[in-house]
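*Asks:* From first to last, the protein sequence lines are chains A and B.
According to the working numbering, the stretch in the first sequence is residues 1 to 494, in order.
According to the working numbering, the stretch in the second sequence is residues 1001 to 1780, in order.
The hints are simulated quantities; they were obtained by calculation from the structure and are not laboratory data.
Incorrect hints may appear among the rest.
[Unchecked claim] Here are the simulated lysine to aspartate or glutamate pairs, EDC-like style, with alpha carbons at most 20 Å apart:
no., chain 1, residue 1, chain 2, residue 2
1, A, K234, B, D1707
2, B, K1431, A, E471
3, B, K1677, A, D449
4, B, K1024, A, E488
5, B, K1024, A, E182
6, B, K1421, A, E488
7, B, K1024, A, E91
8, A, K414, A, D282
9, B, K1412, B, E1118
10, A, K234, B, D1272
11, A, K180, A, D168
12, B, K1431, A, D476
13, B, K1431, A, E488
14, A, K56, A, E215
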Amino acid sequence: MRGEIRFLLDDAPRRLTQFDPTMTVLDYLRQTEQLTGTKEGCNEGDCGACTVVLAKPENGRLRYQAVNACIQFLGTLDGCQLITVEHLAKEGRLHPVQQAMVDLHGSQCGFCTPGFVMSLFAMTRDHEVAPDEATIDDVLAGNLCRCTGYAPIARAAKSAYDLNPRADSFAAGEAATLEKLEALRDDETIALGGAGGRRFFAPATLDDLAALYEEHPEATLSAGSTDVGLWVTKQMQRPATLIYTGRVAELARIEETAGAVEIGAGATYSAALALLARHYPDMGEVIRRIGSVQIRNTGTIGGNIANGSPIGDSPPLLIAAGASLQLRKGSVRRSLPLEDFFLDYGKQDRAPGELVERVTLPLPEAGSIFRAYKISKRFDQDITAALGVFNLKIEGGVVAAARIAYGGMAATPKRAARAEAALLGQPWNEATVARAMAALEDDFQPLTDWRASAAYRMKVAQNLLRRCFIETTAPDSATRLAGAALEELGRVAG
Amino acid sequence: MAGIKADVIRGGVQTPQRHDSGHKHVAGAAAYADDLVEPQGLLHVCLGLSSHAHARLKKVDLDPVRRAEGVHLVLTAADIPGVNDISPTHLHDEPILAEDEVHYAGQPIFAVAAETREQARFAARLAAIDYEPLPAVLSYEEARAAGKLVTEPMTLARGDAKAALEKAPRRLAGQMNLGGQEHFYLESQIALAYPGEDDEVTVICSTQHPTEIQTMVAGALGVPANAVTSQVRRMGGAFGGKETQGNLFAAVAALVAKKTGRAAKLRPDRDDDMVITGKRHDFLIDYEVGFDDEGRILAVDMNYAARCGWSADLSGPVTDRTLFHADNCYYFPEVRLTSEPLRTNTCSHTAFRGFGGPQGMVGGERVIEEIAFALGKDPLEIRKLNLYGPGRDITPYHQQVEDNIAPEIIAKLEADCDYAKRREEIRQFNKASPVIKRGIALTPVKFGISFTLTAYNQAGALVHIYRDGSVHLNHGGTEMGQGLYTKVAQVVAEAFQVDIDKVKITATSTGKVPNTSATAASSGSDINGMAALNACTAIKARLVDFAAENWEVPREQVEFLPGRVRVGNQEVDFPDFVNAAYMARVSLSSTGFYKTPKIHWDRAAGKGRPFYYYSYGAAATEVAVDTLTGEYRVVRVDILHDVGESLNPALDIGQIEGGFVQGMGWLTTEELWWDDKGQLRTHAPSTYKIPACGDRPRIFNVDLVQDSPNREETIFRSKAVGEPPLMLAISVLQALSDAIASVADYRLCPRLDAPATPERVLMTVERLQREAAELEGKVA
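In isolation and in its complexed conformation, chain A is listed as follows (with noise of 0.2 Å):
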């Protein structure tokens, strides 16, 4: 057991011994550490004012991440280089990029600039070279700005990199700080006594976690935070005991087996993506579409699960490609569909002290079809008003196998079991599509809020699955408004 957490303030170690577990990262650099370049604009993970990058050591280098300091718990620092806004400028000299928002007038009233900055800052770790337009509005997706509308930003994204914005300080101090990092490294379990006898632990194998989360089966787990900050920040919860996944390796695993892709609980959005990608590219697409890069960056696959919100987008996804998920209490495991998991609005098949280890994805059977669509108000970080998932064999222009699932249609992410039912056996063609559109109306009694209406989100859902047909049947039909069609589009528009 270690009693204290140690990070570097960017060269400065940091010990403490003495902290509420649910403060933020947010508020101990505002209110501790005097540091308020960084800034509270949504305390919720979605403007990105307060982004601040952390590095971590991973195969011999640092991986910088860009992440929301408002939700994430101070905890979660152990182990990590925390640079803030203030640390860019070294001697007296603006960073590259710091530089180039300034000569392209990228900030009006300045309140979301630290975070652009960071997130720029992040982006020059991970592209050697000027990125695209496509790759810059990912990279931007999590930083809100309401003066500029991004023109001029997007345009400072790219002049940095006529400025050498990767030799910076950092890049010249990576070894030292590696050095520093690696020496931080420990398997001992953080746990350490907050205020009012609130615990945080933080176990570092994965034997420790389960055991420990079996002794403390009222805990909360939290991995990136990206659910539980919330709960924190706007719900105003304090939970007496956290246990922080972040430190297991074991857990964010992610392997590829014979047939299978198997995927630790921990693993976040960001480590999973690309093998994701390659293997069933829409699934990719639509994860890269969760939150923002930030969010993709601390959240994790195993939380969106298991928290068994019936707009999270994994379990659509997985659902459809016929993943199981593994569960473990104590050493005790057992495995299941990942359908069965969700037994009903926040409800879900999962024991006290019971922890979600690993989600068993299989690869796609040859000449399977996968298609996902994500529907939300805004394309990029927006929070689903209807996922559609379809994983369909056709065979001789019959319906030979049918996995459909959806979310935001129903209290849980759902298989469509009648459409799927009207699909089987069938022909592929318009007649069993319209009455598969139909029979979704059986499957789904969907609700009415602000992110859509019933009305809405079943037409949406019967056309999802049409989009399906088309892009099958007529594949040169344009019916994206994404990837290369947009490009496309603005190809042929300018």
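For this one, chain A is given, so just place chain B on it according to the hints.
*Replies:* Okay, now just chain B, sitting in the frame of chain A:
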């Protein structure tokens, strides 16, 4: 007089200067109110809000709040020593804290001050409030049935619209629903109050209107205005949302500070901010238009009903401006326009960039679109046919349009963006593309510049020169990101011919420049720039007199050159020159004052010249719509906008790009959604969707109209730029409509309401397909 003399100063007018704080923004070194070093013993305040849209307060038990950890003070209406009112139009309809009744869900009932912000937030949740629910007025129908207006409606009329409509060869009528908009300034509301001696208090507040903060705080405390100083260096965005909406937070912070003798800070959480504060008004627009077979408008009759919320706030002037802009760039020969400012049990809607004008203009553009579809013509053709022109240049409010450049702007943009060819190409594309449909629209903007409350069209400035030649600048305008401070500093640098870095820009303070107007109505640089120039001119006159006397030269031989002053045959460096003036006991400080000439307005008669001049612009937007889902993307935007002789082209282009995207958000993804209990359910960025980076038009060409000085004598012949570009985004709504129209082969006007969310787009597609099928049925 050593060294090489500069030919030109750094940072003069009409140069693309960077924002004065840019280098601080990017380094996290620009301090906003919440970043200031906190005084010892600072208390943090949280408001306790009504959970009902309309209710009588039967019992308010705040003992649990008082007993909570860290709590120092609980404040209710009964504790207010002065007046419990912050109505900006002095209608006395807006209590700071509710008394016996609550009028909207989110209305503040009490405030709690505690040692930490977290303690205050926890304590505020502990109140036990017993409500007696009363009927809540939420919809237009309910509001009309209840029959309450928050303020006097207005009518603008010329000729006999009714008779002309009856005589018109063609006539149509319709209705449009137009949603409101949350400001979503990134920095939420905040006030920080420091108690002073006797009755004094200083309030640092994120506000566009420091004088109003001063007035409201003085009123709440029951002290004279001279006891209150209100100050703001910069805001993290405002957009009209900090014109009156800061009053509540400032008044409560000041009350807590004076009650406790400790500094007090009130910074609401984002969700509280969005629930409490007012937004852009939503409108229900009824229109009737008479026109001829070519599409020339003969008569217009429109009613603009707004859901104003529970109090008047600025709804009177906002809905007035709606009517002022219903005509946009078009001549209405016979016209009647009426406003209907309805009272509802929702937050009190307020100023937002454009101040009602955008809603007026969207309605006017809908009318144009209707005529075009009725005649089977391109809406652009109808627009051009109806533009103001010689002999047809009187507005519905009887002001003559003297500076009309809309026809030239439209013609140039139409040619530059290849509108006609692209429109034809899009129609061909749509024929071959069953799912994805493209659309294009070109819409103009004419926006009237001046506060319609004539008294607001005044400004003051204060300029000092110190003995070392450095300049201290202060004025009544506030900096919310638009670059006003930079522009006014450029004016001062130009006036004295010193480099801009010699001009220290200082926080707006009611103690330095009194009786300021809100930084609003796009007027900031027009009026504050002139006031600062007048201050400089007064000092320069003294300096010229001094130089003429001291060096015994005629006054004409004293000239301000870059960094120096030519006096007869010699040149004196500026610092030496001003120090010599100081030694000769010349005052190096002056106030400056400006009032906008020519304007007058008789609201009761609906006649006058409310606007000094107009700003113009036009935008052409191309979109692509997915007719299976209603999703869409803005593919290309071309803008040509008029800023006169730009004071700062870089900042002006920034205003245009930013204003356009903000307007696009209003008309597309930004949807305010209240449930049937009157609770706002889109109260955070997770549920309220302003444009993200990926929503920016990938092709985004923005040009300023060249060689087009303001015909009026504005500051260096520039034009206001804050609000007008927002309305360029009407082209997005119209382009979406054009794309949707393709599903009915352009025979039916889509009547697309706003915000045009994917849902609204898909539902409009579906309706149009049904209507087209019915039409086919009839024909068959």
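*Asks:* Compare the structure with each hint and give your call.
*Replies:* Hints versus structure:
1. A/K234 - B/D1707: The given pair, whose Cα atoms are some 53 Å apart, is violated under the 20 Å limit.
2. B/K1431 - A/E471: Holds - the C-alpha atoms of A/E471 and B/K1431 are around 18 Å apart, at most 20 Å.
3. B/K1677 - A/D449: holds, 13 Å
4. B/K1024 - A/E488: violated, 39 Å
5. B/K1024 - A/E182: Violated: B/K1024 and A/E182 sit about 34 Å apart, past 20 Å.
6. B/K1421 - A/E488: holds, 18 Å
7. B/K1024 - A/E91: holds, 15 Å
8. A/K414 - A/D282: holds, 18 Å
9. B/K1412 - B/E1118: violated, 57 Å
10. A/K234 - B/D1272: Status holds; Cα separation ~10 Å.
11. A/K180 - A/D168: holds, 19 Å
12. B/K1431 - A/D476: Holds, because 15 Å separates the two Cα atoms, which is no more than 20 Å.
13. B/K1431 - A/E488: holds, 17 Å
14. A/K56 - A/E215: Violated - the C-alpha atoms of A/E215 and A/K56 are around 30 Å apart, more than 20 Å.
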